[in-house]
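**Q** Please arrange chain B on chain A, whose structure you already have, making use of the hints.
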Amino acid sequence: MKKDFDKDALSDMYKDKFLAPENEIRFVNAPDGSIIEVNPLDDYFCQERPKELKPRKGVVEKFLNWARAESLWVLGFGTGCGSIEIPPLSTPRFDMYRFGVQMRATPRQSNVFIISGYLSVKTLKRAIRSYEQMPSPKYIIALGSCTINGGMYWDSYNTINRLDHYLPVDVYIAGCMPRPEALLAGFGKLKELIKEGKAEKANEYIQNLDWYKANQKKIIKDWNMPDYNW
Amino acid sequence: MDYSLSRFLYTLLGLFIVMNWGMLMSSTMRRIIARVSGRIGIPWYQPWIDLIKLYSLRSQITHGTMFYLGPVFRLMGGVGLFLFMPMIYGSAYFMNYSFSGDLILILYFQFFGMLGMALGAGEGGQPYSAIGISRGLSQFTTIEVPMTLAVISLAIQYDTLSITEIVKAQQGSIANWTLFTNPFATIAAMLSLLGAFGHSPFNLVKAPNEIPIGPPTEYHGTFLGVLRTNGAILHVTEAALFMNLFFGGATSWLELILKTFVIYFWSVFVGVVFPRFRIEQSVRWFLKWPTLIGIISILIWM
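Residue numbers (our numbering), protein chains in the order written: chain A, 197 to 426; chain B, 382 to 683.
Derived from the structure by calculation, the hints contain no laboratory data.
One should not assume that every hint holds.
Claimed, not checked - Derived Cβ-Cβ restraints for the label pairs, each shown as a range:
hint	chain 1	residue 1	chain 2	residue 2	range
1	B	Phe397	A	Arg245	47 to 55 Å
2	B	Trp425	A	Pro236	41 to 49 Å
3	B	Val417	A	Pro236	44 to 52 Å
4	A	Glu257	B	Tyr426	43 to 51 Å
Stated by the list, open to error - Below, a sample of chain B positions facing chain A; criterion: calculated Cβ distance under 10 Å:
hint	residue
5	Gly419
6	Leu432
7	Arg439
8	Ile442
9	Gly505
10	Gln507
11	Thr598
12	Glu599
13	His601
14	Leu605
15	Val607
By construction, the Cβ of each residue, glycine as well, lies at the ideal position given by its N, Cα and C atoms.
Isolated chain A, as found in the complex (with noise of 0.2 Å):
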């Protein structure tokens, strides 16, 4: 659906959201003379509501859990300071292909996001991004006490507190930081999680999500992107 030409008739939707400038509605001219609008919102990012992508039902269902359980792929995108505590995971000390686990380094093919640590409020827009283009069913596992009430930066004034009202966490791994141990134990847990077929967060984001962006927009002043972008 293209937006109106007209530039004031744009909905509020647009008006609010710091629009960067690279981002705004443009008139190109087309080489036979025609002019061409240019939304970018629109042509680069999807606009569309998210829907509810319901399990499948009893057997199936658990099998394909056994199998998204024993393949657990994780986007390696080092959110906060314990990020250093993912990389002891693919040495001979810790070794996580073992039990399903391998890292991925794009978005698209990832099912597991760590965050590792505090979310900054620039990293936590990209980390909503990074979310949002992950395909369902995908999982968080939050690392270390910043993602449960701030930990050691808790009165910060550039880093968020609780990471459950901005993004739906399914394991919570305590420390300040915790060792690789403790994450290849997470990883248990939410192996354990999927199996029963609990781990169906992604479901309640979509349920939730005026409240999540709600919460989103409330600590992000430049938002400067679609509200849906996968």
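**A** This is chain B only, laid out in the frame that chain A set:
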């Protein structure tokens, strides 16, 4: 050529065997690489689980028509390579659809999948995809040079472009293998194989930690599942091509499994020893020694 239904079904059965052997081979190689670095590595059944998971993701997005067709073309490259390759020499069932000029067609099919993938990944719009594609195409062009020289040398030596005829000429004893009758062509081709399998030092296309995944950066779910299925087929079939041309072919599945394993292991062996090249180093390397050896192999048979 025989176009009966039973022939078709046997070819499908062969494809199924090759796919599963390819997955088992890839997990075994990853375990070997893990042992080299002191780890235990993935379970041997990990590729199948990954595949089930990829095919069962609930949400997927697309970037357009070519994005859909990219993996399909890639799979066609692998399956096409398989279709025209005589897998088991002398078998009435697993000669597939090989014919008198199949060597030329197979050389083409090696490139076909890459071109399709380049178009598909290009539509994904990821900058890393574009870098991976440009690296992949330029590297593969230089890989083809020594490979083609070796094939021309073989064509002069055996006076045929049929893989079946080439395998037939190598039967009898190990001394009849091209490895011993035409060592220069074998060396040139085995060096180009290092690049074709994409292990270090020639893993520039998917270069981990550098251009994260390369061309398939935007691919996920079923798309990636198709790409992985193709990877399993392609590795075995390409190894089977080298087996047919240089190592006497195979007369049973057991022989095929052993020989393809050893041929694939050659690239893994080099891979765990050497670190990654940069693209200009890789291109120069292929155009230097393997090409020179390839030219010598032709001059000898002129």
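**Q** Now, for every hint given, state plainly whether the structure supports it.
**A** Tested hints:
1. B:Phe397 x A:Arg245: 47 to 55 Å: 42 Å, violated
2. B:Trp425 x A:Pro236: 41 to 49 Å: Hint holds: Cβ distance 48 Å, inside 41 to 49 Å.
3. B:Val417 x A:Pro236: 44 to 52 Å: Once the Cβ atoms are compared, 48 Å apart, the range 44 to 52 Å for A:Pro236 and B:Val417 holds.
4. A:Glu257 x B:Tyr426: 43 to 51 Å: 21 Å, violated
5. Gly419: OK, holds: B:Gly419 within 10 Å of chain A, min 4 Å.
6. Leu432: Result: holds, 9 Å to nearest chain A Cβ.
7. Arg439: 4 Å, holds
8. Ile442: 6 Å, holds
9. Gly505: 9 Å, holds
10. Gln507: This interface hint holds because 8 Å falls under the 10 Å limit.
11. Thr598: The hint holds - B:Thr598 has a Cβ within 10 Å of chain A, the shortest such distance being about 5 Å.
12. Glu599: B:Glu599 check passes; min Cβ-Cβ to chain A is 6 Å, inside 10 Å.
13. His601: 4 Å, holds
14. Leu605: 6 Å, holds
15. Val607: 14 Å, violated
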